[in-house]
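Trainee: Take a look at the letters that make up each chain.
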Amino acid sequence: MTRVNLALLLLIACVASLPLFGGAYALRLGTIACMYAIYALSWNIVGGFAGYPSFATAAFFGFGAYATGILLNKGVPLSVAVIGSLVMCFVLAAALGAVLLRLRGHYFAIASLSLVEVFRELVNNATDLTGGGMGLNIPLASGSGILADATFFFYAMWGLLLITAVVVIIVSASKLGFGLNCIRQNETASNMVGLNSTLYKSIAFGLSACFVGAAGGIYAAWVHYIDPSDVFDILYSVKPIVMALMGGLGSPLGVVCGAFVYLGLEEVVWRNYIQIHSGVLGVLIIMLLLFLPHGLISLRSGMFWRKAKHV
Amino acid sequence: MLAVQVLINALVLGCLYACIAIGFSLVWGVLNVINLIHGSFIVLGAYLAWGAYQWAGISPWYALVVAAPVFFVLGYLLQRLLLNRVITAPVLVTLTLTFGLDLILNNAMIYYFKADYRKLTLNPPTGSISLFDVVVPVDRLIATASALALTGLLYLLLRRSKVGRAIVAVRLDRDAAVLMGVDVKSIYAIAFGLGAALAGCAGVLMALIFPISPLTSSAYLGKAFVVCVLGGLGSVSGALAGGLLLALVEGIGSTLIGPAHATTLSFVLLIVFLVVRPQGLLGRKGFE
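These protein sequence lines map, in sequence, to chains A and B.
No gaps in the numbering here: position 27 of the first sequence is 27 in our numbering, and each next residue is one more.
In short: position in the second sequence from 1, add 311, done, that's our numbering.
Note that these hints are calculated values from the structure, not bench results.
Using C-beta positions, here's what the derived DEER-type ranges look like:
#  : chain 1 : residue 1 : chain 2 : residue 2 : range
1  : A       : Gly159    : B       : Thr399    : 36 to 44 Å
2  : A       : Ala173    : B       : Thr399    : 31 to 39 Å
3  : B       : Ala400    : A       : Ala7      : 26 to 34 Å
4  : B       : Trp366    : A       : Ile83     : 55 to 63 Å
5  : A       : Asn137    : B       : Ile440    : 46 to 54 Å
6  : A       : Ile274    : B       : Val583    : 36 to 44 Å
7  : B       : Ile440    : A       : Arg271    : 54 to 62 Å
8  : A       : Arg271    : B       : Lys425    : 16 to 24 Å
9  : B       : Lys425    : A       : Leu129    : 29 to 37 Å
10 : B       : Ser439    : A       : Ala95     : 45 to 53 Å
11 : A       : Ala98     : B       : Val446    : 45 to 53 Å
12 : B       : Thr399    : A       : Gln275    : 32 to 40 Å
13 : B       : Thr566    : A       : Ala24     : 48 to 56 Å
14 : B       : Lys496    : A       : Leu292    : 21 to 29 Å
Here are some of the chain B residues that sit facing chain A, going by a computed Cβ distance under 8 Å:
#  : residue
15 : Gly411
16 : His572
17 : Phe578
Away from chain B, derived, C-beta distances all over 12 Å, residues of chain A:
#  : residue
18 : Thr2
19 : Cys14
20 : Phe21
21 : Leu29
22 : Gly75
23 : Val76
24 : Val87
25 : Leu147
26 : Leu176
27 : Gly177
28 : Ser190
29 : Leu195
30 : Phe260
31 : Gly264
All of these numbers come straight from a predicted model, not from anything done at the bench.
All C-beta atoms in this analysis are idealised placements derived from N, C-alpha and C, irrespective of residue type, glycine included.
The following block holds chain A by itself, in its conformation from the complex:
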């Protein structure tokens, strides 16, 4: 275990102490922070390690949210529903990944982008199962008070973040991570030396989808109401990319820091300039790309940490 990974786990452990200090608002922010960190870490598997610019995060977030929502409505307990949607997302993404990841560069970006549209339209039109455009109401998981509820969902999301981080650390140190690195650097060459790149890419895509799907499930249970335009919002696909760019592409600690910083900025902008918040977000993205293309983690390179692994 490297120092960077230890720092990541330490950071996540610090987040867990949040309920000691804050009220319901802090818990809400904390839950969202954990959710964003899960997105960023998941996206980093396929976008950072394997170098495929995926825009499919929103598709699997929405899929997980709807899968869990429907299961909860059928009377399945929350934990089973979330694990169920995690498994479903993994299988679905791995199968889709085997097909879609044959594409490279722009073509993959567009295919993953249109995956979101296809999922949204399918959910929109399957009115019997999903409620279509009217959305889906999800029964309350527990009857306890507001603060207890908030704490429960915070820890649920935090636990998922911890699992995601541990999996990402294991992946990055394993043969799979090494293979993904090879694929990013030169896919043709890694195929030549006997790496089964289709298998590796499918697993990576599956892993990058399953935790997002589970996060979607917890989100659905948390907010009690989802509709297609909410959970299949293309912004959910773009945000993890911005976070990863902000923190430093490819470094798990970097992207988690990026997620927290991004949430902070978003919250400040949202609270102060509600009418122009997406414009301010746009300005932020452009500044970031022009002036800090290697992310926050590159600011301290050579001083404390190694440089962000790759850009």
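Starting from the structure of chain A, add chain B where the hints point.
Mentor: This is chain B only, laid out in the frame that chain A set:
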């Protein structure tokens, strides 16, 4: 008769789709940038036509003449000042940059025009032609003719003019073009400007037919994606072929299985094409 009507509708719509996609395809083919601001440019063009007609009584045909240079300058400056700085960066960076630009423009439009749907209603209305049982509205017909004219104009520009040849040269082989003395940075800016101008003109034409709102920009962008992938990148004929195919599939699909599934169908078609034939209908292999 229904079949003929569906066919005619697809023909009319297909030419408009081609017009939407052609600027997008040019930028993608030449600059290798997926220009996510394209949809918002189209909506801005539509607002230009609407505003000109509403406030100054200028007919959309003249607005077309105004829109082209205005959007060209806008696109040229954007490329020169911003995009050229990151043009050599990986796909993700340019894509995300245009996404940021799109957020700004779209937010600005929602702020100034509000998210209400508006409609440009010509006074007096142009009516429609009906031949046997087939009905075609005149405004759609004129918009289609203008779209075809714009497409033809771009084709001539790329074929006959010196700038056009330089754009094609950069698209074919950037490094060789540099060696032949082509100023690549300015060609990039001109190509992006042309793409923006075409988007603006397409927007003016859309204003005649569809309701106008900042929220429709992503739908236009989606159409541009699908048309480009279906037809093949960077070529005028490819965009026309893609537009017609998309309109045909949508028309037949919505007649047979219901209009609710038309969008799904077009995106499924997109994914199938990406996987099976990524160079598009008219594209050459290895040239994507």
